[in-house]
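Here the protein sequences come in this chain order: F and U. Be aware that the first sequence starts at 32, since it is given in our numbering, and climbs by one per residue. Be aware that the second sequence starts at 7, since it is given in our numbering, and climbs by one per residue.
Quick caveat, the hints were computed from the structure, so don't treat them as lab data. The beta carbon of each residue, even a glycine, is placed where N, CA and C say it ideally should be. Some hints here could point you the wrong way.
[Stated by the list, open to error] Here chain F is said to cover these stretches of chain U; the calculated rule only asks that three of the stretch's residues, wherever they fall, bring their Cβ under 8 Å from a Cβ of chain F:
| id | region |
| --- | --- |
| 1 | 342 to 354 |
| 2 | 411 to 420 |
[What the hints assert, rightly or not] So the derived list for chain F, only partly shown, Cβ under 10 Å to chain U, looks like this:
| id | residue |
| --- | --- |
| 3 | Ile53 |
| 4 | Phe57 |
| 5 | Val65 |
| 6 | Asp130 |
| 7 | Asp133 |
| 8 | Ala137 |
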Amino acid sequence: MKNSISLKKDLISSIERPRRAIQNPFEEFKTFSVTKSEIPLDQIVQSAEAVMDQIRWGYEKLLEEEAKELVWMVQYNTIIKAYEVAEKYIREIDYSAEDIEDFCFALENTQKIPYLIPGPAGVYISALCNYVKEEEISLRLSELKTEINLIGFRLPKGKRLMVDGDTGDFTGIGLEGGELVVEGNAKNWTGAGMRSGKILVKKNIGLHTGEWMMGGEIYVGGRVRGLGNIVEGKVYERDKLVYPGKVRHPNLYY
Amino acid sequence: MNKNGYQKQVMGIYQFINDNLYFNRPDIEIKGERYNSAILLSLLTALQKGKELIIGEPGLGKTTSAEFVCSMIYQLPLGVIWGSEVSGHPEQTEEKIIGRPDLGKLNRGEEDVVWTNFSQIPVKIVDEINRLPETKQSMILDGVDRGNWEYLNEMIINEEYCLFATANYQDGGTNTIIAPLVDRFDVMVESRYPGANLSFLIGKARRKDRLLRHPKLERDLHRVLKSKITYEKKIQKIEEICNAFGEYVDEELGVKPLQRQDREQIRTEMEALDLDLDANAFTRMLLAELSFCERYGQKRVVETCEEGCHYTGYLCHEIKNCASNRLPTSIKLYAQGLAWLLEDSEIDIEHIKAVVPYTLAHRIQWKDEILSQKERAKRDDPFPIYLSKEVVKAISQRYREQSEHLKDALAIGSKIFQGETLEPLEGDHPLYVEIKKDIHGRQV
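All chains should be modelled from the sequences, with the hints used to inform the complete structure.
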């Protein structure tokens, strides 16, 4: 009887033995000392969030200084002043073109930014575009519910800003030699006061197009609803020159 | 690393073939030096007892490159290699490849086998393997895999052998090489067009194969191969004649072929080389991407990926089949050979990156959409090798980003295996999931 029990034990232990001797498939890394590092994705996310915090802070400061009552009137002076305030904060931020796009989405989709006012937001985004290191900036705004005004304000020479989606009023005003491409529609006062450069609107454009523009070209892929008082420059509608032209008169709508 | 001059001797053989026998451009760069892939990989195949598939257009030196390399590494005159080659054609039979009954003895009621030269000598070249019908390709599976050749009730086992097979691109007379046979090849390489100028030189330098001929020794070798002595004794006698041919080549051409003990010593030295941690982790990363499937547990050729899978950006989403266990063996075998040849003390990531495209090209089955996306890409390599080089680029990029974290994950895996209570590291790559699976397998 005893013998049969000990035989069983031997049998069990011989079955168990290989299980204990299971091979370590990571044996070669036994002596590798583990570093307490974060995975690259975490670092990227963290640094992106830090930049976004700075951008957001700049925008909030702009609102504090320029839209105290949450009301902002579009006037020549208010735009210039808002732009100067935006410049002051943006100069200190190290950001990329991607961060601008993230900010555009954050404007609508995050609780961290209390309010989106299309005017100051547009001035701020324009300043971000004008000061970013990259020469080409692409903003996918087609999913935004709000059309941002003043996009492309003072876009300097050598910069190319491409907007996927529609833009609001005052698109590309005061353009300073840059190239602004809008893949959708643009509203009224587009290109007002622009000095040089090119605005390309793939779809339709609103009233007062090119009001007081001093130079440059506006190309419209769709229809121009109305031209403004143009001093100098060219406006094309579907490849056809509409200003200067004998048919068109300033302030006449189609 | 022993400083016995074997590396210089092998590089001397490479240079001799490159300068006198097989004219072609260098097409791979390893650690700043440029080499011709067909000669380099054939040398490693012959040294490491490997199996190589050489593809290319007709007449571009697929078979001759293998013949020259084998002649120099195994000290065999070309006449003997020619007499032992098997050509792939639809009427090929087991009797011509492996052996046939001794008809004289059969008449006397005795059963004996007359082995073919192909089955006996260490150098095995199958010309145009894809002209063998698919049913007949399986005849050479066992011999190719293990070096054992069976006929009637007899068997010979090749202790030392290497295999070279050539294949044309698909045309009317070709068949596909069956998957189990393809997988048995360690590497696939292309014998390329050398360019108009070198091709012109080849046209001028006719009969260069005479350099490696020796009719008398060839007759002696044929006599031994036909003799009725035991296979072991034959091998000894063959070696003696081969040594004589080696001395002849050394005297006449100034390049010293390798004797059997040289080859054995070289293999011992190669086998002693191991992968450093980066090469190790990189290879694991590659294998994980080539075998992982989150939904079905592993890649299977009969199952297709789910749409919207988290791992869409990885190779597992672009391929149909699973990497076989022969793949890491081939990678290590050729990386060992390369590291040894370059006189490095360890296999590093550069050695791995250099050999992976050639070990992978014939083994991956890409999804049709990937093939149609990439087939028109500008490239110098044949499509499968080009795709494999792209694989190496993609994995290298991911490895650069994740190497430290990946090594940490593997180190923690090791610590958990040793009994420490730790949590496996998380990360965005199939390998992290594989590590967890191994740890879970241990804990259950």
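Consistency of the hints with the structure:
{"no.": "1", "hint": "342 to 354", "in the structure": "violated (count 0)"}
{"no.": "2", "hint": "411 to 420", "in the structure": "holds (count 8)"}
{"no.": "3", "hint": "Ile53", "in the structure": "6 Å, holds"}
{"no.": "4", "hint": "Phe57", "in the structure": "4 Å, holds"}
{"no.": "5", "hint": "Val65", "in the structure": "5 Å, holds"}
{"no.": "6", "hint": "Asp130", "in the structure": "20 Å, violated"}
{"no.": "7", "hint": "Asp133", "in the structure": "20 Å, violated"}
{"no.": "8", "hint": "Ala137", "in the structure": "24 Å, violated"}
Comparing the model with each numbered hint stated earlier shows that hints 1, 6, 7, 8 do not hold.
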